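**Student:** Let the sequences and hints guide you as you build the complete structure.
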Amino acid sequence: METRDVTIEVLRYRPEQDSEPFFQSYTVPCEEHWVVLDALNYIKDELDRTLSYRWSCHMFVCGSCGMVINGEPMLSCKKFVRDFGDKIRVEPLSNFPIERDLVIVQDDFMEKLSSVKPYLIPKEERSIESGEYLQTPAQLKTYKQYTMCINCLCCYAACPQYGLDDKFIGPAALALAHRYNADSRDVGRSAREDVVASHEGIWECSFVGACSLVCPKDVEPAGAIQQTKFTSAIDYITGMVSGGGKK
Amino acid sequence: MEIIETDIAIVGAGGAGLRAAIEVAEADPNVKVLLISKVYPMRSHTCAAEGGAAGVVKDNDTLEYHFNDTVGGGDWLTDQDAVEYFVNEIPKELTRMEHWGCPWSREDSGKVAVRPFGGMKIMRTWFAADKTGFHMLHTLFQTSLKYPTIERLDEYYVTDLMVEDGRVHGVVVMEIRTGKMTLVRAKAVIICSGGAGKIFPFTTNGAIKTGDGMAMAYRAGVPLKDMEFVQYHPTGLPATGILLTEGCRGEGGILVNKDGYRFLQDYGLGPPDPWPRLKAMELGPRDRLSQAFWHEQKKGRTIPSPWGDVMHLDMRHLGEKKINERLPLIRELSRLYAGADPVHELVPVRPVVHYMMGGIHTNIDGATPLAGLYAAGECACVSINGANRLGSNSLGELLVFGARAARNAVDYVKSTEYLNKVKTIQAQAEDAQSRVKALFQSQGTESVPGLRKELNATMEEGCGIYRTEAEIKATCDKVTEIRARYKDVKLEDTSTVFNTDLLQTLELGCMIEVAQTVAVSAFERKESRGAHQRLDYEKRDDVNYLKHSMAHFDPDGDPRIDYLDVVITKSQPAERIYGAGAEGQVV
Amino acid sequence: MARSAKAVPWFLFAAGGTVLSFILPVMIFTTGIAPALGLFTDALSYDTMSAFVGNWLVKLVLFGILTLACWHAAHRLRVCAHDFGIRADTAVAVILYGLATVGTATAALALVSI
Amino acid sequence: MNRKPYRRELSKTSWFMTHQRYKSYMLHEISSLFVAIYAFILIIGLFRLGEGPEAWEGWLGFVASPIGVILHVLIFVFSIIHTMAWFKAVPQAMRIQRGEEIVPGKLIVGAHYGVLAAVSLFVLILAGVA
Ligand SMILES: Cc1cc2nc3c(=O)[nH]c(=O)nc-3n(C[C@H](O)[C@H](O)[C@H](O)COP(=O)(O)OP(=O)(O)OC[C@H]3O[C@@H](n4cnc5c(N)ncnc54)[C@H](O)[C@@H]3O)c2cc1C
Ligand code: SF4
Ligand code: F3S
Ligand code: FES
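In the order they appear, the protein sequences are chains A, B, C and D.
No gaps in the numbering here: position 89 of the first sequence is 89 in this note's numbering, and each next residue is one more.
No gaps in the numbering here: position 501 of the second sequence is 501 in this note's numbering, and each next residue is one more.
No gaps in the numbering here: position 28 of the third sequence is 28 in this note's numbering, and each next residue is one more.
No gaps in the numbering here: position 62 of the fourth sequence is 62 in this note's numbering, and each next residue is one more.
Rather than coming from a laboratory, the hints here were simulated on the basis of the structure.
Everything numeric in this text was worked out from a predicted model, so none of it was measured.
One or more hints might be untrue.
[Claimed, not checked] To give an idea of the chain A side of the interface with chain C (calculated C-beta under 8 Å), a few residues:
| id | residue |
| --- | --- |
| 1 | Pro97 |
| 2 | Tyr236 |
| 3 | Ile237 |
[Stated by the list, open to error] Calculated lysine-lysine pairs in the DSS-like style (CA-CA distance at most 27 Å, straight line):
| id | chain 1 | residue 1 | chain 2 | residue 2 |
| --- | --- | --- | --- | --- |
| 4 | B | Lys146 | B | Lys92 |
| 5 | B | Lys490 | B | Lys180 |
| 6 | B | Lys146 | B | Lys58 |
| 7 | A | Lys144 | B | Lys146 |
| 8 | B | Lys322 | D | Lys106 |
| 9 | D | Lys23 | B | Lys321 |
| 10 | A | Lys167 | B | Lys146 |
| 11 | D | Lys4 | A | Lys167 |
| 12 | A | Lys167 | D | Lys23 |
| 13 | B | Lys321 | B | Lys32 |
| 14 | A | Lys144 | B | Lys322 |
| 15 | A | Lys144 | D | Lys88 |
Virtual Cβ for every residue (Gly too), placed ideally from N, Cα, C.
**Tutor:** Structural data, given as structure tokens:
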């Protein structure tokens with residue numbers, strides 16, 4: 001197979017040795033059909049066993065391999081080497097602490113994810129015998145886009161508000177809250193509202209919109225957040241008018 | 001060493017592990033459950049499943065049909081009591097998934113939609129576009145967050161099972177980001193660690209599918225059952241092995257050779273028209289389709305490509321609208337990775353290693369012969385798949401048996417105390433730890449990627465779609481050699497923080513053990529059945545081999561193989577008929 | 001966590017952003033650029049203007065636009081201050097929303113005086 | 001503990017210089033300053049209008065003065081930036097679904113530009129005719 005030599009500059013950070021990250025260059029003979037992840041795997045297998053990064057599916061669905069490639073957060077299994085020149089710069093996702101090399105610490109996101117109650121809260125429990133909830137294709141369409149999130153965290157890496165203040169619940173978690181809110185089977189919106197409509201929730205988002213631009217799954221978190229803002233604001237104002245703004 | 005106590009430890013947080021954890025939490029909130037996974041739950045490979053999950057819901061369908069399809073599809077190497085339980089339960093489980101929010105695709109009426117799948121007499125595969133596993137996994141994971149009693153250890157690698165007095169009493173885990181090892185004391189352990197496709201070079205399986213749980217149980221003395229049955233999926237993209245779901249054919253896609261001819265009609269699957277017809281042509285079972293490809297290749301009627309010969313998957317007649325709605329991921333994958341847009345072009349595909357029918361031997365309860373040890377999902381072999389799994393049965397399997405294993409584990413732990421031999425327990429755990437530590441000290445010369453490549457190559461040689469005695473023998477010998485050389489493996493990364501070199505080394509150890517059971521079981525089975533096809537024994541041999549093979553661990557030698565009878569309740573072995581003959585067929 | 005009262009100024013901000021995006025360019029052109037170009041001299045003459053703005057409906061519309069402009073700007077400047085690294089959000093909010101209130105009041109005053 | 005996660009801080013005061021899209025975003029944010037200035041000028045103008053013809057003429061004079069012109073050109077440019085950025089974001093914030101179809105963003109944006117043209121034309125005609 002024909003190959004092309006590409007210089008891959010990888011941000012390395014080995015917590016036991018390094019006080020701060022540095023770039024290390026590798027020359028990789030890349031095949032035409034390779035994605036950036038293939039080049040990293042080549043480095044790992046042939047050049048340097050000490051390079052650490054996460055990956056699993058190689059088909060952009062597990063969400064493990066988010067990295068910043070030439071300045072943009074993206075999935076390394078979805079981005080082809082052939083789309084770059086002779087030099088590719090690979091860094092860990094921005095806005096997260098670096099655990100090691102390209103591996104970031106994502107505990108914060110995992111907490112945020114569960115804080116928005118991302119599960120169906122039905123009006124009443126339904127027995128298995130009574131079968132499925134009916135949901136038309138149109139009703140499905142209303143929230144389907146927001147179910148596509150693979151938790152790759154590219155959006156968090158692109159969102160400056162999260163970078164400036166990591167108390168922000170952030171795009172993917174808020175989009176997920178919206179996914180359930182918009183599901184015809186769900187009535188849990190008010191249960192999610194305390195977190196979603198808090199200072200740290202939707203109101204911390206200033207609609208930079210970068211999250212949607214970098215999202216590899218077209219989840220459109222920016223849109224989900226704006227739509228949530230709208231319904232939440234209406235809720236808040238009607239609540240204020242009718243009940244003196246309880247919360 | 002630090003000790004964590006729990007009642008039930010679950011190894012693996014894929015579909016099976018999550019379903020099991022939820023079942024424990026629902027069954028009894030007082031039972032502590034610890035869900036351990038080497039990757040974050042939503043990274044588990046269940047997310048890669050595309051096509052769907054089969055379950056009888058429509059009026060034209062019956063449980064009996066699903067039973068017959070599954071038993072026949074598995075070439076009668078299935079345990080029929082388990083299959084019967086499975087087909088009964090799966091509609092309920094899929095409905096439960098719906099109640100938990102799974103975004104199943106719908107009919108206009110609002111009811112869930114179903115699509116046809118290979119080897120199924122009736123359309124019965126529930127699907128969520130072409131990302132069924134992904135949606136199921138995320139639904140399960142997100143639902144699991146509702147239960148405060150489910151505790152998790154994300155990115156913890158389980159290295160060993162702790163066994164004493166003929167019962168399991170915990171696992172040893174390594175926190176990947178610190179390298180720290182901890183003993184998890186548990187009264188019961190459920191292994192849900194997924195498959196082992198990575199023992200082959202060309203596979204749809206993700207990097208994490210290295211058979212760890214299988215190896216763990218096997219080393220602890222639990223036999224691995226029916227390991228010779230490795231499923232090749234007929235339609236993987238060349239170069240990457242990325243899967244194009246059977247749903248492509250379910251929706252009406254066809255397979256053609258280099259002359260544009262639908263060659264499946266030459267292999268007992270025809271006639272080609274009218275199309276689509278269930279259980280015929282492209283909707284035949286996977287083993288038959290992959291085997292037909294092999295023959296076409298031998299006849300020189302396939303298309304050469306830089307990554308081996310291919311056939312063409314033609315979906316152009318489905319039209320853009322249908323493809324976008326039902327197969328959006330397939331379109332994206334084909335365009336990106338094969339440079340072919342299925343709306344306008346033929347997509348090159350070839351058979352690719354996909355699924356392990358075999359696994360940790362369990363009974364219908366999900367229990368292994370070792371007290372306190374359960375297994376479910378792809379790592380287990382409860383024998384509903386037999387010699388060939390029907391597409392869309394495994395997503396159902398991990399729900400049904402994940403839940404069942406969990407319920408039984410709950411019952412078990414309620415009547416069991418922690419093993420009380422503190423010294424022995426400690427010593428065992430320390431032992432496990434020193435084995436890992438020894439790797440850091442090793443002055444070996446063998447490289448992990450090197451051994452892995454050799455292992456992959458020999459597995460493809462000897463345990464491919466068609467097998468012969470000589471080839472399997474060579475593979476057996478080679479794996480034995482690799483296993484010996486592995487003792488001399490060199491760790492190049494000595495960090496304790498997120499050391500992926502170490503992980504790959506441990507995983508390779510598991511892959512070698514599992515590979516050996518595949519090769520030796522294949523060698524011993526001198527017949528052709530389902531996915532195990534031998535050119536030197538072309539016929540199915542029910543007299544000698546209507547039995548499960550059981551591979552037992554031997555620390556120094558090759559695995560020992562013995563056999564276990566298949567459970568037959570109502571369907572006597574018969575010929576598997578597809579194509580025209582399948583129409584009026586009872587079984 | 002508690003629901004944030006930001007909902008209210010945000011609502012004004014959003015409503016403002018929408019209305020202003022339609023009306024502002026042409027308004028700015030008419031009142032801000034046309035005079036220098038010597039355009040619309042009749043329309044901008046004192047007589048026509050005072051008669052035009054004298055209409056209560058026009059007053060109401062102008063009041064609406066000006067209020068929204070004040071609140072839109074105030075809310076966005078609050079975010080802006082945050083973006084420029086000024087983290088005393090409460091103080092910033094008090095000042096800016098205070099200014100917006102003053103703006104709203106003076107706009108009303110000015111309109112009433114015509 | 002062998003872990004030592006490395007935190008990279010975003011500069012609180014200059015982060016927006018790191019990427020073109022952040023610069024565009026900030027430009028849009030800044031537009032609000034000009035909206036405020038315009039509102040201020042207009043309110044003054046209304047006061048002047050209330051004070052009589054001379055005061056009004058004086059205000060018009062300011063508008064046509066070099067400073068007035070520079071200011072208004074800036075305000076105008078930023079108002080265009082605002083309008084374009086706002087319209088571009090509308091399909092995200094406002095998703096319109098007809099049955100199973102989501103109305104394409106282009107259509108929504110187009111409609112907005114249509115309304116913009118109509119409103120502008122209306123005002124211009126009003127100003128020109130009156
Ligand atoms: C591409 C593809 C498409 C498929 N499509 C379909 C389909 O359409 N229909 C269908 O029915 N089936 C399909 N299958 C099969 C099915 O998806 C899998 O068999 C099933 O998802 C396996 O689920 P699981 O829970 O057993 O394992 P997995 O989802 O693989 O999860 C394994 C878990 O174990 C953990 N683990 C493993 N080892 C360790 C260790 N040492 N320590 C700690 N944790 C560990 C992992 O982290 C992971 O959480 C498909 C499979 C593939 C690969
Ligand atoms: S919203 Fe998009 S970018 Fe963000 S985590 Fe989900 S898939 Fe990734
Ligand atoms: S980038 Fe950040 S500020 Fe909002 S629109 Fe996206 S979350
Ligand atoms: S490896 Fe799974 S998303 Fe890239």
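**Student:** So if I understand the rule, the pair passes when the alpha-carbon distance is 27 Å or less; does B:Lys490 with B:Lys180 pass?
**Tutor:** OK: B:Lys490 and B:Lys180 at ~20 Å, within 27 Å.
**Student:** Just to be careful, I want the Cα atoms of A:Lys144 and B:Lys322 compared with a cutoff of 27 Å; is the pair within it?
**Tutor:** holds (17 Å)
**Student:** Check the hint pairing A:Lys144 with D:Lys88 against an upper bound of 27 Å on the C-alpha distance.
**Tutor:** With Cα atoms ~23 Å apart, A:Lys144 and D:Lys88 stay inside 27 Å; holds.
**Student:** Is the straight-line distance between the alpha-carbon of D:Lys4 and that of A:Lys167 27 Å or less?
**Tutor:** holds (21 Å)
**Student:** Tell me if the straight-line CA distance from B:Lys146 to B:Lys58 falls inside 27 Å.
**Tutor:** violated (31 Å)
**Student:** Please work out if B:Lys321 and B:Lys32 have their alpha carbons no farther apart than 27 Å.
**Tutor:** Violated, because 48 Å separates the two Cα atoms, which is more than 27 Å.
**Student:** Close enough to count: is the Cβ of A:Pro97 nearer than 8 Å to one in chain C?
**Tutor:** With a closest approach of 21 Å, the A:Pro97 hint is violated.
**Student:** Tell me if the straight-line CA distance from D:Lys23 to B:Lys321 falls inside 27 Å.
**Tutor:** Violated. D:Lys23 to B:Lys321 sits at ~39 Å, over the 27 Å cutoff.
**Student:** Have a go at the A:Tyr236 hint: is there a Cβ in chain C nearer than 8 Å to its own Cβ?
**Tutor:** With a closest approach of 4 Å, the A:Tyr236 hint holds.
**Student:** Between the alpha carbons of A:Lys167 and B:Lys146, is the straight-line distance 27 Å or under?
**Tutor:** Measuring from Cα to Cα gives roughly 22 Å; hence the hint holds.
**Student:** Does D:Lys106 sit within 27 Å of B:Lys322, going by the straight-line distance between their CA atoms?
**Tutor:** Distance ~23 Å between B:Lys322 and D:Lys106 Cα, so the pair holds.
**Student:** Straight-line Cα separation of B:Lys146 and B:Lys92 no greater than 27 Å?
**Tutor:** holds (20 Å)
Of the numbered hints given earlier, the model fails hints 1, 6, 9, 13; all others are met.
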